[in-house]
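**Student:** Sequence:
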Amino acid sequence: MNFLDKSDFKRSKILYASLLFLLLLLPFRDNAIVKYSLLVDIICLFLNAVYIIFKWIKYLKNNK
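Going left to right, the sequence shown walks through residues -18 to 45 as the numbering used here numbers them.
Hints listed in this document are in silico derivations from the structure and should not be mistaken for laboratory results. Owing to the predicted nature of the structure, the values given are computational and were not obtained by experimental measurement. Ideal Cβ placement from N, Cα and C applies to all residues, glycine included. A couple of the hints might just be wrong.
What the hints assert, rightly or not - Taking lysine to aspartate or glutamate and the DMTMM-like style, the derived pairs with C-alpha atoms no more than 25 Å apart in a straight line are:
| id | residue 1 | residue 2 |
| --- | --- | --- |
| 1 | Lys45 | Asp(-11) |
| 2 | Lys(-13) | Asp22 |
| 3 | Lys(-9) | Asp11 |
| 4 | Lys16 | Asp(-14) |
| 5 | Lys45 | Asp(-14) |
| 6 | Lys42 | Asp22 |
| 7 | Lys36 | Asp(-14) |
| 8 | Lys45 | Asp11 |
| 9 | Lys39 | Asp(-11) |
| 10 | Lys42 | Asp(-11) |
Claimed, not checked - For each label pair, taking beta carbons as the anchor points, the in silico distance ranges come out as:
| id | residue 1 | residue 2 | range |
| --- | --- | --- | --- |
| 11 | Asn(-17) | Leu28 | 20 to 30 Å |
| 12 | Ala13 | Phe35 | 25 to 35 Å |
| 13 | Lys(-9) | Ile23 | 18 to 28 Å |
| 14 | Lys42 | Lys16 | 32 to 42 Å |
| 15 | Val15 | Leu41 | 37 to 47 Å |
| 16 | Ile34 | Asn12 | 11 to 21 Å |
| 17 | Ile38 | Lys(-6) | 17 to 27 Å |
| 18 | Lys(-13) | Ile34 | 12 to 22 Å |
| 19 | Lys45 | Ser18 | 38 to 48 Å |
| 20 | Tyr40 | Leu0 | 18 to 28 Å |
| 21 | Lys16 | Tyr40 | 18 to 28 Å |
| 22 | Asp(-14) | Tyr17 | 40 to 50 Å |
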């Protein structure tokens, strides 16, 4: 996968680590901070996936 940089992997690792931490706090999901932090983390993971998909499409178009 030549189209991914180290920063892409680092960003993904940080997002997954924060998701794991928030999943450990899931029993306290009645707390608004935990609830909204989990929501923001899921949105960030989705946007990161969309960014990587668009980067992959751009890579495929340039290397045809």
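**Student:** Among the hints numbered above, which are violated by the structure, and what are their numbers in rising order?
**Tutor:** 3, 4, 6, 8, 16, 21 and 22
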